[in-house]
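For the record, the sequence lines run as chains H and Z. For the first sequence, the residue numbers in our numbering are 1 to 153. For the second sequence, the residue numbers in our numbering are 1 to 165.
To be clear, the hints were calculated from the coordinates, so they are not data collected in a lab. Think of the CB as a built atom: it goes at the ideal place given N, C-alpha and C, for glycine as much as any other residue. Misleading hints may appear alongside valid ones.
[Said to hold, decoys possible] Residues of chain Z clear of chain H, computed beta-carbon distances all greater than 12 Å:
hint : residue
1    : 57
2    : 90
3    : 100
4    : 137
[What the hints assert, rightly or not] Heads up, incomplete: computed chain Z residues facing chain H, CB under 10 Å, no partners named:
hint : residue
5    : 35
6    : 38
7    : 58
8    : 85
9    : 98
10   : 104
11   : 132
12   : 135
13   : 139
14   : 142
Residues per chain, in single letters:
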Amino acid sequence: MQTIDSLEGVIETHPFLFGLDPKYYHFLRGCATMRRFAAQEQIFQEGEPADSFYVILSGDVALETVVPTAGTATIQTIGSGQALGWSWLFPPYQWHFTARAIEPTEVVAFEAAALRDKAEEDRDFRNEILTRVSKVLVNRLEHAKRQLIDSIA
Amino acid sequence: MNGLTGEVIAVHPFFSGLRLKHLRILAECAKKATFGPEETLFREGEPANQFYLIQKGRLVLTAGEPAQSWKIIDTLGPGDVMGWSWMFPPFRWHFTARTVEPVVAIELNAGHLLEAAETDHDFGYELMKRVAQLVIHRLQAARKQFLGKECAPHDAPGLLPGNLA
């Protein structure tokens, strides 16, 4: 009787990863782990090597940075169904911000090095991942822009 | 195909590392464009179909309406590249671009670039990789502005990752 691998199923149905060529899900499962973060627990820190990519299953994550003389500022909050992290795909592969769970948060974490290696050897995968991650970047930029405009008022 | 335009593209840092056949595609989609002072190149929300290499002059990218609440997101000058909205849905400009001084630029037709990218996936990848870096630069500029950090978004001509470090 075949065991259904629930992590692979979770990966397949996550909005960010949905619709990939089916052959990639097994590969993704191979470099993935499920992780849980408690409220206020840091997921990664600005400046550190970006060695993982995350998709959020549940909870909320604050993207933060330290502003001299003012302390920590929240740039954006993201949640279930979204991808966390784009710095792992672009040199110098260092986090441009800190990520912290606001409430208990569950994610699937992928080894960035494995994803980058796969992109090197498989052009279709490379193009697909770049397209999807670029859309995350555009989302972040749209948010930053709205935030900036709202801050004028 | 304008030889001078092709030369500018071939040596531009943004296109560094591209194969000759890809540089040719770019040159074929390119033409010279000039704008007077305080002229609007495009407005936030309009369909985006161009990519620009700025050669002379200065312009600003702004966001927000009406005019009184414009916020300058970035200032661009010679050597800078401009335009990424044409590559991602909804393919509409996310900012308004307005010249401060007269501008001379090389303008590339995004529709042709995207068609070429469909046919040649390597070209598509090379384009997207570079355009994504442009988005990163805008993102960091916008965030810095919001956070009120001391920021000089236009430190030097060119928008290579090295300049952001």
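Problem set entry | Ascending list of hint numbers which this structure does not respect | Going through the list in order, the structure violates hints 2, 4, 5, 6, 7, 9, 10 and respects the others.
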